[in-house]
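Undergrad: Line by line, the protein sequences are chains A and B.
Position one of the first sequence corresponds to residue 1 (the working numbering), numbered consecutively onward.
Position one of the second sequence corresponds to residue 1 (the working numbering), numbered consecutively onward.
In case anyone wonders, no lab produced these hints; they're calculated from the structure.
One thing to keep in mind: the hints can contain errors.
As the list claims (entries may be wrong) - Going by beta-carbon spacing under 10 Å, a handful of chain B positions derived as facing chain A:
1) Asn198
2) Leu201
3) Leu388
4) Gly392
5) Met421
6) Ile426
7) Val437
What the hints assert, rightly or not - Derived lysine to aspartate or glutamate pairs resembling DMTMM-like cross-links, with alpha carbons at most 25 Å apart:
8) B:Lys362 x B:Asp151
9) A:Lys168 x B:Asp443
10) A:Lys168 x B:Asp367
11) B:Lys359 x B:Glu104
12) B:Lys161 x B:Glu104
13) B:Lys35 x B:Asp443
As the list claims (entries may be wrong) - Distance windows between CB atoms, simulated:
14) A:Tyr448 x B:Asp443: 35 to 43 Å
15) A:Phe14 x B:Leu50: 53 to 61 Å
16) B:Glu446 x A:Leu50: 46 to 54 Å
All values reported here derive from a predicted model rather than from experimental measurement.
Virtual Cβ for every residue (Gly too), placed ideally from N, Cα, C.
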Amino acid sequence: MIAAGNHLLTVLIFFPALGALALMILRADDHDWIRRMALVVATFEFLLSLLLIPAVPFGSSGYRLELNIPWIISPPIHYHLGVDGLSVFLVILTTFLTPVSILASWNSVHLRAKEFFVMMLMLEVGVVGVFLSLDLFLFFLFWEIMLIPMAFLIGIWGHERRIYAAIKFVLYTMAGSILMLVGILWLYNATGTFDLAEIQRALQTGSLVLPAQTELLLFLAFFLAFAIKVPLFPLHTWLPDAHVEAPTAGSVILAGVLLKMGTYGMMRFCLPLFPIASRKAAPYVAVFAIIGIIYGALVAMVQPNLKKLVAYSSVSHLGFVVLGIFSFSVIGMQGAIYQMLAHGISTGALFLLVGMLYDRRHTFEIKQYGGLATPMPHLSGFFLFAVLSSLGLPMLNGFVGEYLILLGTYTSHFGLTGGNGWKYAAWASTGVILSACYLLWSYQRVFYGDVTVEKNRSLPDASARERFILATMSVVILWMGIGSAFLTHRTAAATDTIRNQMERPGWYEGSKPASGNGTIISLERPGNR
Amino acid sequence: MNFSTPSTADFYRVMPELIWCIFGVLLMLLQSLTKNRAFLSTMAFLGAALGTASTLLSARFPGPGFFGLIQTDTFSLFFHVLVGCVALLVILAADSYLSRANLESAEFFALILFATAGMGVLAGAQELLTAFIGLEMSSIASYVLAGYRRDTLKSSESALKYFLLGSFATAFFLYGIALVYGSTGTTLLDQMGAADSNNGLLKLGLALILIGLGFKVAVAPFQVWTPDVYEGAPTPVTALFAAGPKAGAFALLLRIFATVPAATHYWFWAFWILAALTMFAGNLGALVQTNVKRLLAYSSIAHAGYILVAFAAVTTMTSSENSPSLGGVPAYTAILFYLLSYALVKVGAFTIVSQLGGKDEKYVTLDDYAGLSQRHPFAAATLSLFLLSLLGLPVTAGFFGKFYVFKAAINSNLIWLAVLMAVNSIIGAYYYFRVIVAMYMRDSSEESAAAAPLAFPLTVNIVLAVSALGTLYFGLFPNQILRLLLEKTLIGGLK
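Working from the sequences, and respecting the hints, build out all of it.
TA: The following block contains the structure:
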């Protein structure tokens, strides 16, 4: 029984798994064919994902290419997929970064290469699945599946402290997701369905009314899982470890896509399902986001380790995204979506570049570099481009997102009363300045000046393969900076939808939900025992 | 009650037990005629298979048998198939272990069949003394099996500990039966429905029964024997212990619930506390283990705790109704599904441990497992799958097992118990993942790298393939089994 017969999304999720299966058949020492095959699979997947763009036209709201098939009879779990303006570009970002990171690992992965590329493709399955699932259970399933390949990528192909980092990554993520499972099950018990749209409908028509305290607890159960993933200060401590220890490809995917699963989750689940709690929590969340912005930037500034610097810059940039989401304004949320994509590309590019330096010198210490612009002019040029995009230079991709977020924050009201948004925006904008400081300063220390370490004098410049990767990334950076309308016009409808979904019956009468006409379900045990 | 000659149908109802016992006796007799390992193993396998298959026969005669002593319903059939399949897999896996360790095989298999028959009786019993006989059958065979490596100190220690503590627990159980009989005047479970639930003697009796069974399923604070016994017993036997007797004892507990309302009234808080204690005892204990066999033993304790969470959920539900209104899987189904997924995984995991252990079970520490993915990719992959299932990650049966228990707990508004379970799952993630880390992310020690390449015999590979595929199958398509377990007439005596 197929409700809507379009299997593009299914193909999109499971095609990399097929590719991984095919890879497993190849001989383990046949490195050439393994990576070629992996690249072909990932590239084809990217091309397939481009088909999503015409499916989500300008100004369209609601889910497209929906597929809804019953999967498990009890409880009724559906294989329910769909794509909208929020998820479409995140999927494409994933399918874009995967072939790029495969290409970046072309010569740097020799140990157990077959397993490496299998893991990369399996990771893609999980991540694409997360973005396309519209059933809470299915979403949770992909959310968990994604964990294992990432942990393996860090744990097997990482650097010295890889095992520590892998375990930390798993434990942090599991801690969050298991609470989310409790929340999901609670919602199921209240509504009898795992279907996101149906739960949404029940909440919006008032047939399910969550008491304030219950809503807050549910919000926290979901929010914590997402906040760990983002990661929001002070839950960010797994991130620097994971990033520094992960291989380049792992870092690119981790920073580029995995962190976005957290912010995506906030927009897709936290806000529409628990708007009142979200509004209540917003001032606090915003404060944590701003602390994250400033703290991440300050720590990045004093980092002697180049990769850790980029990792902490992610904490800072993702703080902007969270701030934008919790401004609840159309502009802020648009900016958040945009910043997710921009950060994926520019930080991805930075991690690629840092990885290329590491391939040459096997160190991330800034001290070990200096004056690199002389031996490697091309690489330093691309690096500068990525740095400028990351610090938000106008015309490049980083600017649009940050600007929209700050604008949205400025005009919004945190909490239910008061027009205090400008204070938040003011604090957050220090992050923009700080990011220019640490990025330019580190760039100066690595590339400018005299060559201080003799070994660096003879380093080879970017190879043709590397130039191809970096040029592709740069083109995307530039295109996103100039042609932002292509993206924002498609995300606009999605943001509007989220804002509409946040409406509740009786919303304007105050913070309390309407009483009387809906079943009130509370967390307390019935008093019979 | 009419105690005349039992009808033919009654014998069909206990056909699995009969076949298991007959083959057990047959094996003991054949032992004096032949020492041919292949022949004896084949006989044992045949016996286990025939016995399990004969549940199809007993399925055609549902209802109470032997004047109400036993009950043939979907519930008991499920457990018969479960323990039968466990026995089948253990026999397959033990074959190569026994020849490697140069142990007699006929007695071993006979004992496994007797133990299985005991578990079968336990699952079908609807009368307390019958249950006691089943419990004793499986226990006594287990004691002997635990000490089967006579020449090893650890094995003897294991047997002695199991025997002493086990008989102590059995005494509790028996005394409990006496008190229940004293207060209700019957040992038939279905006649206790009308019993006055405020009767102090009945309460005490039920408490003692709970303690006796709690020991068998390794519930904290009666779990202390588990790691030592599991570690000392020959590993195929450990696989049996982890899967079989636990299922049998849980089956009896459930049946007591389903038929004696008095039990459900008083056991709620007991289960709540026992579940919390057991989860923590198992998981915290497992955290510091470096011996994989002991680690899995502690993990069994933890899993008993998760199952008890579902029991606590059952106690909040049976008094009113089975909560079909919530459209969900009732807690009964959660427990049955959990036991199924758990049995599959534990048999598989212990089989791998047994194979990797070498001749004297020497290689059982985490260090010996380092770099296993390079030396034996199949073993590392399947063991990882089993560990992920124990951890409760998606697309494994263990995930749905845990999911249904979670759901049952939340259905019954046991939010805090669910949260405790969540906390425990995270602790569990750490130590399960540690084994995976050793296998995949560390390099082999010099000793194990230099050792001869590992090769698993065909029988072991079959066991691993069956349990791995089963774990995946129930993790992806649980519908078939759920349809069975969701029947309204799951337990015959259920009102």
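Undergrad: Tell me if the interface restraint on B:Met421 is satisfied: Cβ within less than 10 Å of some Cβ in chain A.
TA: 9 Å, holds
Undergrad: For the pair we were handed, B:Lys359 and B:Glu104, check the Cα-Cα distance against 25 Å.
TA: 15 Å, holds
Undergrad: Quick check on the hint: B:Asn198 CB to chain A CB, less than 10 Å?
TA: 16 Å, violated
Undergrad: The hint names B:Ile426 as touching chain A; please verify it with the least Cβ-Cβ distance against 10 Å.
TA: 5 Å, holds
Undergrad: Holds or violated: is the Cβ of B:Val437 closer than 10 Å to a Cβ in chain A?
TA: Hint on B:Val437: holds, closest Cβ of chain A at ~5 Å, below 10 Å.
Undergrad: Range first: 53 to 61 Å. Now tell me if the beta carbons of A:Phe14 and B:Leu50 are that far apart.
TA: 41 Å, violated
Undergrad: Please verify whether B:Lys35 and B:Asp443 have alpha carbons no more than 25 Å apart.
TA: Outside the cut-off at roughly 42 Å; violated.
Undergrad: Does the hinted range 35 to 43 Å hold for A:Tyr448 and B:Asp443 at CB?
TA: 41 Å, holds
Undergrad: B:Lys161 and B:Glu104 were given as a pair; does the straight-line alpha-carbon distance stay at or below 25 Å?
TA: Cα-Cα ~23 Å, so holds.
Undergrad: Compare the distance between the alpha carbons of A:Lys168 and B:Asp443 with 25 Å, and conclude whether the hinted pair is satisfied.
TA: 20 Å, holds
Undergrad: Would the hint on B:Gly392 stand, with a C-beta cut-off of 10 Å toward chain A?
TA: 9 Å, holds
Undergrad: Can the restraint linking B:Lys362 and B:Asp151 be considered satisfied, given a maximum Cα separation of 25 Å?
TA: Roughly 15 Å between the alpha carbons, so the hint for B:Lys362 and B:Asp151 holds.
Checked against the numbered hints above, the structure violates hints 1, 2, 13, 15; every other hint is satisfied.
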